[in-house]
Amino acid sequence: MALDIFEIDPTTPHPGVTIDGTTAQRETNGGWVTLRSKVPLSPTNHQWAVRILDQGEGADGSGLMVGLLPQLSASQASATGSKYISELGGWCLSRAGDTYGAWKCDRFPYSTDCVVEFDWDALTGTLCMVSGTKKGSGHIPGLKEGDALYPAVSMYYLNQKVAFV
Numbered sequence: 001m002a003l004d005i006f007e008i009d010p011t012t013p014h015p016g017v018t019i020d021g022t023t024a025q026r027e028t029n030g031g032w033v034t035l036r037s038k039v040p041l042s043p044t045n046h047q048w049a050v051r052i053l054d055q056g057e058g059a060d061g062s063g064l065m066v067g068l069l070p071q072l073s074a075s076q077a078s079a080t081g082s083k084y085i086s087e088l089g090g091w092c093l094s095r096a097g098d099t100y101g102a103w104k105c106d107r108f109p110y111s112t113d114c115v116v117e118f119d120w121d122a123l124t125g126t127l128c129m130v131s132g133t134k135k136g137s138g139h140i141p142g143l144k145e146g147d148a149l150y151p152a153v154s155m156y157y158l159n160q161k162v163a164f165v
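FYI, my numbering numbers position 122 of the sequence shown as 122, with every residue one higher than the one before it.
There's no promise every hint is true.
Distance condition first, Cα-Cα at most 30 Å in a straight line; then the derived DSS-like pairs of lysine-lysine [said to hold, decoys possible]:
#1 Lys38 / Lys144
#2 Lys83 / Lys135
#3 Lys144 / Lys83
#4 Lys38 / Lys104
#5 Lys134 / Lys161
#6 Lys38 / Lys83
Hint data in this document are derived by calculation from the structure and do not stem from the laboratory.
Please model the complete structure; the sequences and the hints are all you need to start from.
Following this line, the structure appears as structure tokens:
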């Protein structure tokens, strides 16, 4: 996949997380923070990747989520500092590979040092994922081709570090 690198939007609330362009690091423990790209996907910019630099201090597989956010209302955008992707109406995968949100998706676990690549097909509502030799896909029903969708990450545990690459 030829990938465009997205930058993380620093304008949404992100307590306990430092953002440096394409990289985010969790510096406090506990409480969800969701980060999204500055710009939505488009017909010419529909591929992206997330590198898991550090999965953080949590032992469970649910404290780190990657996925997509729809366009958020002002009140939803203000809640990004306390909710994870699917709680904001999006679709995501946990580190353990579990899916959250209203979609059908293959189980797709990931961990530290993984790069998870995504390719969104707006015509079919299909999200394809690749990490190394592992492949998966998901289908999000009910979206229109022009709906704004943002690559997103939700973090919970201390020392989690991710980057759009």
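Evaluated hints:
| no. | hint | result |
| --- | --- | --- |
| 1 | Lys38 / Lys144 | 21 Å, holds |
| 2 | Lys83 / Lys135 | 28 Å, holds |
| 3 | Lys144 / Lys83 | 25 Å, holds |
| 4 | Lys38 / Lys104 | 26 Å, holds |
| 5 | Lys134 / Lys161 | 22 Å, holds |
| 6 | Lys38 / Lys83 | 18 Å, holds |
In this structure, none of the earlier numbered hints is contradicted; all agree with it.
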